[in-house]
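Protein sequence lines correspond, in order, to chains S and Z.
1 is the number of the first residue of the first sequence in the working numbering; add one for each residue after it.
1001 is the number of the first residue of the second sequence in the working numbering; add one for each residue after it.
Hints should not be assumed to be uniformly reliable.
What the hints assert, rightly or not - Lysine-lysine pairs mimicking DSS-like chemistry, simulated, CA-CA at most 25 Å apart:
1) S:K458 to Z:K1093
2) Z:K1350 to S:K458
3) Z:K1150 to S:K248
To be clear, the hints were calculated from the coordinates, so they are not data collected in a lab.
Remember, predicted model here, so these are calculated numbers, not experimental data.
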Amino acid sequence: VVRAGGRGGAAASSNDTPTDERTREREDIMRVRALLIGLVSVALVGGAWAGAALAQEKSVFIPLLVYRTGPYAPNGIPSANGFNDYFNLLNARDGGIEGVKVVFEECEMQYDTKQGVECYERLKNKHGGAVMVNPFSTGITYQLIPKAPVDKVVVHSSGYGMTASADGRWFPWVFNFPMTYWSQASAFVKYVAAQEGGFDKLKGKKIAHIYHNSPYGKEANPTLETLARTHAFELTLLAVDHPGQEQKSTWLQIRRLNPDWIYISGWGVMNQVAIKEAAAIGFKMDHVVGNWWTGTETDVIPAGDGAKGYKSMTFHAAGSGFKVHQDILKHVYDKGKGAYSDRGKVGEVLYNRTVIGAMLNTEAIRTAIKKFGEKPPTKEQVRWGFENLNLTEQRLEELGFKGMMRPLRVTCENHEGNGLALVQQWDGKTWKPVSDWIEPIREVVRPKLEEAAVVEGKKLGYTMRDCAKEK
Amino acid sequence: VIYREAGQFKTTYAADQAVFPIAQDRWLVGALLVAAFVVPPALATEYWLQAVLIPFLVYALAAIGLNLLTGYAGQLSLGTGGFMAVGAYSAFKLATAFPWLNIVVVFLLSGLIAAAVGLLFGIPSLRIKGFYLAVATLAAQFFLIWLFNKVGWFVNYAPSGTITAPDREVLGVLVTGPNATAEARYVLALAIVVVFALVAKNLVRGRLGRSWMAIRDRDIAAEIIGVRPLRTKLLAFGISSFYCGIAGAELVFLFLGSAETLAFDINQSFLVLFMVIIGGLSSILGSFLGAAFIVLTPIFLTNLPHWVGLDMSVALQKQIELMIFGGLIIFFLIVEPHGLARLWQIAKEKLRLWPFPY
């Protein structure tokens, strides 16, 4: 079985027109030649033929850094497949974005920062040059943020990455809509307050934060600390070292502390272990809430029935009951181009998240094409498109995302957008939303975020731009 | 015929003690050096410089550092990642606290700081040896990473908890930070490696290197003939950490650009140790060969299907790459347990006799 994702860009050029046939012939000749030269002197060939064959079509190139192997593969596979399927859907159903094909190519990086850098450098100039990148790892996002304005590649860390980069005045090339870790943490506190019967009831309550001991895991701490001071709840921070297989001492502390609520910021194997441990000590599962990277099928299934009632934050609904899924099944899977071999997996939490990510990417590019009319758009235009993305309820309905996520608007100042959070609960079989859309406590988060943006921006030698002067 | 030293007479002690006593070697190394400085910056793409050659040079320096300690002085260490982290975080602190300081000076100073830390963690080596020492150095690895993760001062209280290379110039050319060209970074990394490889080569040929080897081969005998274990072992730790510290600083400043502690985790220590083992213990050339093998082989294998026009899914490709890579490691260790450097040495012996072997 040839997977569409592995074929990368070639998947985009499969219409049977005479030009394409010629292209294919030429491709074949080139392939033979490349093979011959390759055998003589492999190191000298490069990927010239692939680039030449594809350059004739109007296309935008989006590199995908994926991790289908290694310790984080259970998270990496659904994430990568979501991007693949949505891009394939767009190319098959609509002929791309406003007639501009989406060309994408995967690069395996095993969630390892150094391999990620290698992948980025390898892909960024292919197929006419990348216009944007989804790093899909907070660590790699940090590497790419300094490079973004130099290479003029938009970094879209959708729901992860550096929170401070949400201040678009300091980080014009970095976007993290629909939400940041800090907004998420504040929404969690708001949810707890609602469950307890109001913010005044939080006083004296004990909340523990179990986090991956890395910059990613620590992201939520400042927000939780600030809110702990204002609402007088008792916050305990418990770090778990990478990769998180060993958590006995952490959960011993939890037993001693007996907190009212637990918030978990984990990734990969740490999540499964944490949920198993929580079930093992008999903690009330509906008082354990993961962040949105700690609430996928692979995290809860190993804990079996013990995981029932476990909650997690999210910014979209799970399941395959939306119109976009029907479209994906019809236009991609029915033609045998699906990224999964088992179509039952369409609709997993992380899959949906990257389908949304892919949609946000392509809608931003569409915004740029509509505004400037250039096909394909330039890198600067794509950046403008991200900054002026305005997804209305009506547009979401047209795209088949109605009910799956909220309308979103990005501005020059606010690269986080106005996303809202949702709490979902595992019932033993599926994830079900159990809360209304929760507005983050923006009046607390935003000033802190702006402070952090000054520190992080100055570290890179940036100056603040004036959004009033932007068109 | 080509590679024979017949007719090359040495008339002075200096000529006899030269690093490369054979003229052909001198020419070869000289030509390689010139080529290394000229060809890649002129011809290589940004990908080749930034993602392939710079990490190779950085890891070669770290491997030389570990080879001094493990190969020459016989002290097994798993703290390389920790010492590299010391170098990286000191370089970040120094570069941000003293923006006027030349970046080369920053690298040297952060190497010295790493050396001091290495001295401290080398103290257990006076009482324990072999695998027990490896475990003790493992403590250094975990403690140092924990420290940099825990204490906000090391990252200048950045909310993201990462260190980022600022823009710095050498002789008016930007060499670090996101705006520096890959060519400039490469040339700086190469210059540092060349200088320190030469220093290392001379160190191990001199009094210090000989006392390291004496300690390695039999420490009691060495002590009897007058080698002081305390001084010798601690110097090995100090100098080795100096090299690793500079390599760590380069890793962030010239290669990654921005890093968190995870970039220096235990896997780094193993990786550098494997480089030393595969390249050849107690060989400077081996450090380069080992670094080349570990850094370049996976990249080569990843790109190979593309170059020959094969289409396969990235996951399958990665699995195959891992299998071939693992197989190659075993193959080379079976063919030559003393590492790639020994293979080169054998090849040289054969070359001398070619085409008339007896």
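We went through each hint and held it up to the structure:
Taking the CA atoms of K458 of chain S and K1093 of chain Z, the gap is near 15 Å; set against the 25 Å cutoff, the hint holds. Note on K1350 of chain Z and K458 of chain S: the hinted pairing is violated, with a Cα-Cα distance of about 59 Å set against a maximum of 25 Å. Between K1150 of chain Z and K248 of chain S the CA atoms are separated by roughly 20 Å; this keeps the pair inside 25 Å, and the hint holds.
The earlier numbered hint that this structure contradicts is number 2, and it is the only one.
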